[in-house]
Every structure is written in structure tokens, then in C-alpha cells.
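Chemist: Here's the letter readout for the chains.
2 protein chains.
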Amino acid sequence: RVYGGVMLQCVWCAEESLSGVSERRRGLAQEKMTENGVFSRDKVLTIDTMNPTVKNVEYAVRGPIVQRAIQIEKELREGVKKPFTEVIKANIGDAHAMGQQPITFFRQVLALCSYPELLNENMFPEDAKNRARRILQACGGGSVGAYSASQGIDCVRQDVARYIERRDGGVPCDPDNVYLTTGASDGIVTMLKLLVCGEGASRTGVMISIPQYPLYSAALAELGAVQVNYYLNEEKCWSMDLSELERSLAEARKHCNPKALCIINPGNPTGQVQSRQCIEDVIRFAAKERLFLMADEVYQDNVYAEGCQFHSFKKVLFELGPEYSDNVELASFHSTSKCYMGECGFRGGYMEVINMDPEVQAQLSKLVSVRLCPPVPGQALMDLVVNSPQPGEPSHTTFMKERTATLSLLAEKAKLTEQILNTVPGITCNPVQGAMYSFPNISLPEKSIKEAKALGQAPDMFYCMKLLEETGICLVPGSGFGQKDGTYHFRMTILPPTDKLKILLAKVKEFHQKFTQQYS
Amino acid sequence: RVYGGVMLQCVWCAEESLSGVSERRRGLAQEKMTENGVFSRDKVLTIDTMNPTVKNVEYAVRGPIVQRAIQIEKELREGVKKPFTEVIKANIGDAHAMGQQPITFFRQVLALCSYPELLNENMFPEDAKNRARRILQACGGGSVGAYSASQGIDCVRQDVARYIERRDGGVPCDPDNVYLTTGASDGIVTMLKLLVCGEGASRTGVMISIPQYPLYSAALAELGAVQVNYYLNEEKCWSMDLSELERSLAEARKHCNPKALCIINPGNPTGQVQSRQCIEDVIRFAAKERLFLMADEVYQDNVYAEGCQFHSFKKVLFELGPEYSDNVELASFHSTSKCYMGECGFRGGYMEVINMDPEVQAQLSKLVSVRLCPPVPGQALMDLVVNSPQPGEPSHTTFMKERTATLSLLAEKAKLTEQILNTVPGITCNPVQGAMYSFPNISLPEKSIKEAKALGQAPDMFYCMKLLEETGICLVPGSGFGQKDGTYHFRMTILPPTDKLKILLAKVKEFHQKFTQQYS
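In order, the protein sequences belong to chains D and Y. Heads up, the first sequence is in UniProt numbering, so the first residue is 1 and it goes up one at a time. Heads up, the second sequence is in UniProt numbering, so the first residue is 1 and it goes up one at a time.
It is possible that part of the hints are untrue.
As a list, the in silico SDA-like pairs of lysine to any residue whose alpha-carbon atoms are at most 20 Å apart [stated by the list, open to error]:
#, chain 1, residue 1, chain 2, residue 2
1, D, Lys500, Y, Gly141
2, Y, Lys401, Y, Ala411
3, Y, Lys236, Y, Thr487
4, D, Lys366, Y, Pro64
5, Y, Lys236, Y, Glu418
6, D, Lys74, D, Glu86
7, D, Lys366, Y, Gly224
8, D, Lys55, Y, Ala362
9, Y, Lys366, D, Asp48
10, D, Lys193, Y, Gly224
11, Y, Lys129, D, Glu121
12, Y, Lys509, Y, Val424
13, D, Lys366, Y, Gly63
14, Y, Lys507, Y, Pro83
Listing some non-contacts, in silico: residues in chain D with all C-beta distances to chain Y over 10 Å [said to hold, decoys possible]:
#, residue
15, Asp241
16, Lys254
17, Gln277
18, Ser520
Source of the hints: derived by calculation from the structure; they are not laboratory data. In this text, a Cβ means the ideal position worked out from N, Cα and C, and glycines have one as well.
Here chain D stands alone, though its shape is the one from the complex:
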């Protein structure tokens, strides 16, 4: 068996240990060998016949470095010796996985909704029971196991609308413009799906910040749209520059049809909180240039830095007066996954659309109906977030205590991260004003850049991979989010428990110094 033995092993090895059919399979494979020794698998669906847009999709937050981290964890369990005893993952904004505790009230209501028999027990506070009863009454057959309306449960959308009105100082919100979603990602992809069309020079362009959250680039790749980059200003704490927006748009108009502008505020991966002035500028720009605005505001409660405040795009839009509030099309997104809740697993979220063409909105409603409905437990959770215990209700004190404790701890860790990283020569870290991430600039020695390029790797991927192998720390290279040519970064979450975060930062510091020396 000279022909292609290695190939066979490569393609099938993973399966040989798992099923008894590999011998037969190999027999079959031999029959299908072509004369020049190439193994012909004869599949219908191959890398060459599959959807090419899917191949263009990349998602760094769960990319190769995370795959390797999982592998290393397995090796550690199997007793393989490493220079560390555990992998610390700071690659993804997954608060509960990092030990953050859920809000008691939320989980009580969810348990009551799941198993309404518990409504007869004395162990739950009355406000939790009341919320559960209200949600259950709004469900078909009084069960969270029924489909909801595709747009989401009516009373939840009403609660969302009232929450938005309170948040935005009374700016009206119509529940008919609120769509509950499967996490914010679902809403963002749905909106992009509506926007994207055309071929060649009339293909839809969508402006996204660089660095960006790679859901955007992945969705645009899948939809075959043109990703139009505008760069955040790292020198000015990752703020948005009007001149950069103008440059980016002018450039894009030469080869596509830019229709939308996406903003993440507070920023992911960059952790900045946009000023009111900046948001105003962006809205005026969108109005002037006729761009549909998409505001990803899932970190709206994650604001830590003094002097910083969250301003919703909607509120600023309405404060600019009817010329804007009656015209600029805006979709904004929220989620149960971030803020003080961190309930990622429930995949809850909502989007609000403003000034959307009624015909398009009818199409949106139709489109969401195909997937039947967002997960009902996630809808219930979204309801609790926007309708949390009020002063006077039995759960209010505990709720506020838990909420404040979580947000204060995050604020501490944001500061700690920035401070320690800035003590490392060759690392420069902007203040983590909000969200859950720092995105420090790292100086990489020329020699390491050359070595990475020789390996066909992005230099910061090379750096992060080495960091993982030597210290067990899992970060995501800046190249997965986009960055100015010739600059290098990594994204790390501020979520690990304080003691682990300190270890992580100390190890990063040590590693960076060693790495710099090694490649100098």
C-alpha cells in the first residue's frame, strides 16, 4: 500500500478509533484510488463544492487559539506535564464561566416559570412569584414550552418599551418596534440580512469599526456584503473621528454602495465609552450621508470610568430634534448576556427599530416568523432585566446589593487591568472605561514578526499562541478584531476572579518581558 497511505491516515485517523467501520472504509477508499495516487472520496459536499461565502467566515473569539486551549486542558487532565497547572481563559465575555454569580431574583423567577408547582411553595418571595405568574399568563397554555409570537411575548415587549422610555428620559418607545431576539447576535444578523443586496459595484457596504467584534465581519462575509472599515482612534482612547468616518465612506463609495454604519458602545473589544458629542457627530454624519444606523449597546450598564456615562443612540437622536428623530433609521440591540447579568447561556435579547419603513418592517416581521420564536426562557429573563425588583418589593434590597457588587467588582478589575498592563514596558493600555475588555497595544520585536510571517501566522497570533503554550493563558490576538497595519494587540476580558486576574496579569507581564528579550 504505497499510494497515499499518509493521506488516508490524515483524513480518517480521527475516526479509526471511534467506529468499527474504518477497515471497510479503507477498503472502499482503495478501490477509489485514482492512478496518480490521489484519494478520491467522491463526496457530494466538499470544500470545493460548498458555499464559498461560508468559507470566508472567521470568528476569532472561538478560533484556533481557543481550540488549542481546550486541547491543552485535556492534556493537563491526562497528566501531560506543562509549565502551568491550569488554563486561564480570558478570551470570551462569559461572566458566569469566570465565577460571576447569577442574580438570585432572576433565577428564582426562571425556576418558577420552569416548574410552576413551585408557586405553591413558601420558599420564594412574592415579587418573584408575581413576575412568574405574569410571564406564564402571557404564554400559550400558561407554559414556557409553548411557542411565543415570533416577535416575542407581548407583555415582555411592553416591558422592554417602558424600560427604554425610563432609560432615555421619556423618549417614547412603541412595543411594536421591539423585537425579542436570540441574543443580540441574532438581531444584528437579521438586520444585516435585510440591508444587504446587490452585486459588483452596487453591493451593499456596511461600515464597521476597526477593531470590531468579529460577529460583524463574519455575518458580512456570510451575506456577501462589503465590509467597510473605519478606524477608531487609539491615541484618543478609541474614540470615533468624524474625519475618519468621512475618509472611510468616500473610499468605500468608489467600489460599493455603503448603506449602514455599525457602532458598538461601550466598545468591544476596545472598552471605550463614546461621549455624547461623539454620538451626536455620528448621528449627524449618518443623516447627512443617508446611512442606516446600527447601535450595539449590549454593555449599556458596564460603565466604570469616572466622567463616563452611557448615552443611548436613541436618546441622543431624539434630543437632536425632529429633523433627526423623524428621519434617521436606527436599530439598537441589547442582550441578557452582559452588564451585571452575564446570562449568556439563555440567549436573550431585543432590538428596537426606529423610523423603519413600514413595508420593510412587515418584511422583518415575516422573516423572524420563519424561525418561529426566540427561546422563551431567554425572553422571560429579558423581561426580568427590564422589569427588575422595585423599591418596596421584597427582593429589591438583595437585587440591588447583588447588582452593585457585580458592577463594582468589574470596575475594580477594569482599573487593575489597565494599571498593571501599563507597568509593562512595550505594552500600552487605554483606560477600560466600560464593557468587559482591554485591548492593549503590544510592541513586538522585528525578529518575532519575521518568525511569525515565516510560519504564515499573524505576529500577534504567534505571540498569543506562545503565551498560551508557556503560561496557560488564553487571549485573542488583535488580528482577530482588526487593527491598524503594523500595530499589534490582544483582547483580554476583565472577568476572571480578582486573584486569578492578578496571576494572569503577572504572567502576561513576565511573558512579555521574556518574549521581548528572546526576540531582540
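Following the hints, position chain Y against chain D.
Modeler: Below, chain Y without anything else, positioned relative to chain D:
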């Protein structure tokens, strides 16, 4: 204000009562009136600039007739007089909404997972607690609020694999080939997304049964693929004919590149259970013609008719021997939404891929990572379905009692539906062998067909709309699922409680006779 006053009202009226800005808005609109009185809204995103593939999407199960039903319910609540006092919805397979009770054990475990404090209480059986502990241990930070792996929680995928092995008499199942999904719909759309590509005559064609479940046509429209229809044989109880598959494929090859064949078994909307022979024929056909098989098996426990049995495509594939089991590419789908569970709201499901090209499977894994993970409560529920209480465990007796009661009741209602419908002159109903639907053939008088066409409506839509207005019964016209030209049907679920189902069937009978008379 002569110009376009009606238009203004039409476009904005819904908003006038809801926000204070309508006056300003109208002012603005006036400024933008063009000379010929057409109202220029000047939106970025309009019906003309939006994604045209989205416009082609249709989803009858939640289409115009259901919108009208919801409206009528509202009118009833507001005291509008109707010839009926309630709307009976038999349009969607939503068991809990129709009063089916959830399985106690499942909901106990879900409550425990949501609020693990309950593990300290004596009120839950030990097996429920053990299941909850096992699921929580597999979650990041021991919380269902953490993201899971994108492919799904490891131990759940292992349980799914063991379930499939038991179900299929020991045919091996590799957990690495199992992907947990957000309901079956998500898995189906994801697979289609991988398969679809090409332009013009090389566009991917996907063969689907007619009648079909409109998720398929909707997803294909959205992806811009070619829908290739093959007709089920109504005369032979909606079975699949090999000759019809051959005809359909040959026809399709003239104008596209057919790559996949979708089967729903037990059938939706048609309620048939395919014979083992038929499945064998389909597999041989797919192998010969090099088609990727997609088997939608979400109703696998819903088999009622004597002599009928569920055969999974995978089992039959492996029984056909290595020539098939080593080669034919298959994706099969299951869900928590149907069978005896009916837990639609949780959006749980899985898909198994077999003989998938490893490179493509890597692309699949990457693609699912962009959406982060399926809802964790749905994953937990899927785990319980595939790892239900075993003999000897404290919850086993109750579980079996509940499961059997639900399935027996469905079997009774399947029979009842068929029997009563077949007593109506002009209605012919195949046996409801499985699933949750009957799809009877209805004879419509020529005069009614003409009247419908004059209104631009499908004749069975005209019929169902009249039925709704006159009796409050909400069914879905056959045209929403596809049917042979010149034949007419409706789909009705067998899910309403027996007493309501009897009322529904009596009303349909009465209506059909009246309708026939009226248009004769």
C-alpha cells in the same frame, strides 16, 4: 392639504396614537412632497432597496391567516359580536398552547438547573437532582448562564449519541458528529447554508417534498437556491414514489445543480410514516444520483397507526451495508418541540452528520461558533429527552405514565380527526399515521375558485379565510405547503383538547357543506 392625505394616514396612522411626534413628522413629510403628490419618505432601507431574497420568503404557518386570527381574538376581547365566542387555533404544532402538560421530570430538572439552591430542598426526587447536578457540572462555572461550546455541551452530545445508538439497534454514533441546535429549524438552515452556492444553471437545487413544511421553501428562498419539488403520492397515503423522484431530478438537472434531497418522516404536513422499503429506495436513489440526504425526523415518537413504525434514515443506511453506510452523506434532525414533549419554547434540538467531508465539517463547526451557542436550557432539555428516567429510578413510573398518556391521546385524536373528516362529502383524508397533522383534500366548487381568483387569492386561502371569519377556526391553506395543481387542502393539527377538537371538526363539517352549497 389635498396632496396625498390618504397616503400619509396610511403610512403613519399606526404611529399617530403612540407618539407625540406625528405632527412634526407630518410637517416634515409635507416638505418632502414631490410635485405629483407622491410622498417621498427618503428612507435608506425601503422595499426597493432591501435584500430581494428576503422578499421571496414565505411562511404560511404564521402567515396572513394567523395574523387575522390574532386580530379576531382581539376584536372578541373588545366585545365585537361574532358568530362564535373563541378562536380555535389548529394552525401550528404547538402542543402546550393547546393544553398538553409538560413532563414533570423535565421541568423539575430545569427548575433545579435554573436555581441550584433547590438542590438543597427535599421536594425533588433524587434522579432529577442527579440529572441537574450532571448538567450543571458540565456548564462553565456550574451555571446554565455560561456559554456552552458552540457545538453544544459535551456530555449532552454524548447522551445524544448513546440515545441514537440505542434507537438504531447499536449502529455507532460519534458525539463529534452531533451538533446541538436552536430547535431543528436552526440545524436545517445551517445545513442548507453549507450546501447552497452557484449562479444561473449551476445554482444549487434542493429537492423537497410537496406538500412540504414551509421552513424549507423559506430557507431556500432566502439563500437564493433552487427549490426542486417532488410530489408525495396522495393516493398512496402520501408515500414517496421512486419514479417521481427520478422525474423531478431529471427535470431539475436541466436548469440547476441538484445536490440535496430533504425528507420529513413522519410527515409534516401530511402525517404519513414512510415504510422501511420506501426509505431504502430513497437511500439507494440518493447514492446513485449523488445527493446529500437531509432527514427531518422531529416526529420520531409520533407514530400512531397500526403496522407503522419509525425507521431512522441512519439505521436503514447502515443496514444497507458499507457500500451505502460508508458513502452516503446524511444529516438528520431532532427537536424537543414535538413527540410527547412538545417543548417548543425552549428551542432545543440536535443534528447528526454522517459521512461528512472532514474539511466541510470543520467549516460547519466554525460556522456554528459565530452564533456562540444554542440556548443552554434547551440543551439541558434535549439531554433529558435522550436520557430520560430509567426503570428503577424514582421518576420512571410517573415519566412513563405521562409519556404514554400524551402519546395515546394523540393517537386517539389522530384517528378521530381522520374519521370525522372522512364523513364530510367533498373532504378526503388520508390516515394520520404519525406526526401531528392531517392534510385532507377538499373539493372546492368552481364558483368559489373563480371568486377567489378574482380576489387574487389562492382558492384554499379563500376557503380558510371564510372558515375563520365564520367559525373562528384557524387552519392553514394547502397552498402554503404546496400541492398538485388543481387540488386543494388544508393543514390542521390534531392538538386541540378532545372536546375542542370535536367542536372544531363538527364546525368544519358544517362549514364545508354550507360553503359547497353556497358556491354550487
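Chemist: Quick one: which hint numbers does this structure break? Sort them smallest to largest.
Modeler: none
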